[in-house]
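Asker: Sequence:
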Amino acid sequence: MTACCCAFSPSLQERRDIENAARRKTFVVPFPIATAGAPILQSDRTGPSDLCHTAHESYRAVVEDPNNPNPYAPFASERDWKVGMWAKTRGPGSTAFTELLAIEEVAQRLALSYKHTRGLDQIIDKQLPPARPRFERYEIVVAGEAFEVFFRDVLQCVEALYGDPDFIGLLLLVPERHYTDSNKTSRVYFDMNTGQWWWATQKQLEKDKPGATVIPIIISSDKTQLTLIGNKSAYPVYMTLGNLPKDIRCKPSRRGQILLAYLPTSRLQHIKNKAARRRTLANLFHACMGRVLAPLASASVTGMKLASGDGLVRRGHPILATYVGDYPEQLLVTGCKTGECPKCPIDRNDVGESTDTSRPLRDLDKILRAISAIDEGPRAFTRACAEAGIKPICRPFWADLPYTDIYLAITPDVLHQLYQGVLKHLVSWLHAAFGTEEIDARCRRMPLNHNLRHFGKGISTMSRITGKEHQDIGRILLGLVVGLELPDGRSALRLVRATWAVLNFLYYAQYSTHTTETLRLLDETLVVFHDNKGIFVELGIRTHFHLPKLHSLDHYRRSIELFGTTDNYDTQYSERLHIDFTKDAYRATNHKDEFAQMTIWLERKEKMQRHERYVQWCLTQTGSSGPNRIKMTRYPSVRAVKITSIPTDYGAQFFRDALTRFIAQRNCPEFTPQQIERESARVFLPFQAIPTYHKIKFWVPDPHICAAPGTQICDVIHVRPAHKGKYGDMLPGRFDTALVRDTRANAQHGIHGLQVAQVRIVFKIPKKAVPLLFPKLSEEARPYGHLAYVEWFSPFTHPEPDHCMYQVSRDLGGGGERTGSIIAVDDLERSCHLFPDFGPIAPREWTSSTVLDLCPSFYVNPYVDRHMFKLIF
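Each residue of the sequence shown is one higher than the one before, starting from 139 at the first, in my numbering.
None of these hints come from the bench; they were simulated from the model. A few of these clues could be false.
Below, computed lysine-lysine pairings styled on PhoX-like, alpha-carbon distance capped at 25 Å [claimed, not checked]:
hint, residue 1, residue 2
1, K687, K606
2, K743, K264
3, K780, K905
4, K410, K361
5, K220, K914
6, K163, K322
7, K721, K370
8, K606, K721
9, K475, K361
10, K780, K862
11, K835, K769
12, K721, K745
13, K905, K833
14, K443, K745
15, K606, K780
16, K606, K562
17, K443, K341
Produce the complete structure using the sequences and hints provided.
Answerer: Right, here's the structure in full:
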């Protein structure tokens, strides 16, 4: 087949080769110095207690009575422990729990060792060892005013995360270089230890102090509202380690993140001068962060003894590697001014006008010299900072941290820069170009899909759109603009290409594994956008593109090469932590001196979670091996559907013929099509009804081999006839489309080994009838599993040149009827979504439930999720 290529994108074959290279096993080059990340020799240990005591064994020595083994100790029994765990992690507030236990005989009948919340708290406080460091309350004085900051010792937090027994055998201890081939021509990046920063830092440490283990510190901070009404807010600072694989850090349930501090949230309204207020707020932030991170200054150079959960001790060097935050937070951390780039010294009038991914970063040495001018007086200090391009901050917290370049440490922010930034702007520009009426009409007529939100009222009337909602809009955005015409008759091709470029950049930026070639694709899509963005100026929608969030896309490639893929430092994870570490904690207080109560609540919860892990270890509980790829309900949705009613209820017009043909093919695989037709006419079905299933659940793994095994996407195919809702109204049927894998021996690989089909019914042949219908097959080969009747669409040919999407239409037989057949459910690869080819104006008689039957042609949506984007090319 001749590969077709879009005029503004790499050839189809080129991208196929690039994507396939990322799916092969990598060639690993280990760090050349053997002492890097090595455990400390036994002779260097402080004493016999350091030998082979795992974290769980040390914990047992504290909580368990050797004369009376009890895995739940200090709790009296399993029930005693589970009720306490529920009360502290899932249950109501303290007062409600006390009132529950005060009900007559409740505590006695449950045989609890505590009679109220205070008694449970005493057990937790006095008998459970600290899971993570205690919070300290510290007073910071800035501009003559005192502020309180609650924080933990950062080095103790490093010890707690590094030594957590849940991470035994998972810690990343030495840098590695991964390549797609043995010639080492294409580098592979995924976890942080595959990036260039770790390798360079390890090299420097081995030169200064051999035998080092790099401990990359990842800090994130962001203000968040605590109340729905009012302005009560919190300023949490979170910390994690780059030694933890990214698939652990991204899941709150794995407890790979730790709350490091609550910073002051004062707005300093008593300072009337706005410039003075901003300077004071910046100095307050840096003074607080300087106090919190001060221990890193010496520990980064000299190192500290760190014991992992298996008892091995290494000399770790905790180094601030990355700082995660949104644009205002990045400006606050780096001392840059609004409208400027926090990483490079580009002029604010050039921001966003063009793309250049090789721009040099800000000169850290120059900025440190300007900061040191504070000893020369206020005027000289202000002038030196202005010449260096930063605000006059008395002492930035990062100025004294060795091996840290804050302008390297600022990382991409997918949530705010892409979803809430460039994509948000693009949606508003498209509304201005095409108008809202037609775009909303297309939204209402999109076919349904489990992974997509259906915008039944359109998208133009939405307000306060969240990042998740922008993500949902992005998944259908290209389908909304393809075929639309501009009001003045001008070609919309450049608008479509600009939209394509933004969406492709967004998906490339979130790859869980990158290679040198996929990073090149990332840069090329950015060039395509800049080449086509002028259409918005010509239409009068924009006068300039001086958008810092647009300019920030230039720095994605460098950050990925330095610190691994963007899921190592995604702000979406820290946003999610607000719920567990801040909002839930605030709700558990009486809202008076709340931060003191919040820290105590969090410490108790962490102790209970740590004890839960210990109890599981004592009971030798192990995790499951992971879900199967396809999961069906245990019982059918309908136990018996008459075969005669299937064509009308499910729309499977030729179900009986397809089933007899399937039986003939399985019994006689060597027959020709003509012989199969004759054989199928002889098949007698010994049943009149079949059980049917209305849902197929998939677990779709990431196709990149370097992605974590647990990185899977939940996908569902709905196959449901029209039925009455709970209020008695008639709900239309829903029959999703799917990608079907060609299982023949000579089948093609990749996209051309798949075909789109609409699933009409999922069923099982009655178990008693299987031996009668397939007498020649062995017991193992007989189709006892789930089957599906599908109606086919045309095969994939080549993508359309204007937007690189594949076009498909109904596969009609010689008589103009839809072709259908029976397949095994296991042959379904996953669900897929189709964009209707609306033309200039979407027919108003179409609906989301009828468009698949009424529309003559479709485009396969590659933006359903990240897996589909990698699959459809």
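Asker: Now tell me if each hint is right for this structure.
Answerer: Status of the hints after comparison with the structure:
no. : hint        : result
1   : K687 - K606 : holds (18 Å)
2   : K743 - K264 : holds (14 Å)
3   : K780 - K905 : holds (16 Å)
4   : K410 - K361 : holds (23 Å)
5   : K220 - K914 : violated (55 Å)
6   : K163 - K322 : holds (13 Å)
7   : K721 - K370 : holds (11 Å)
8   : K606 - K721 : holds (19 Å)
9   : K475 - K361 : holds (19 Å)
10  : K780 - K862 : holds (19 Å)
11  : K835 - K769 : holds (5 Å)
12  : K721 - K745 : holds (19 Å)
13  : K905 - K833 : holds (20 Å)
14  : K443 - K745 : holds (24 Å)
15  : K606 - K780 : violated (43 Å)
16  : K606 - K562 : holds (12 Å)
17  : K443 - K341 : holds (20 Å)
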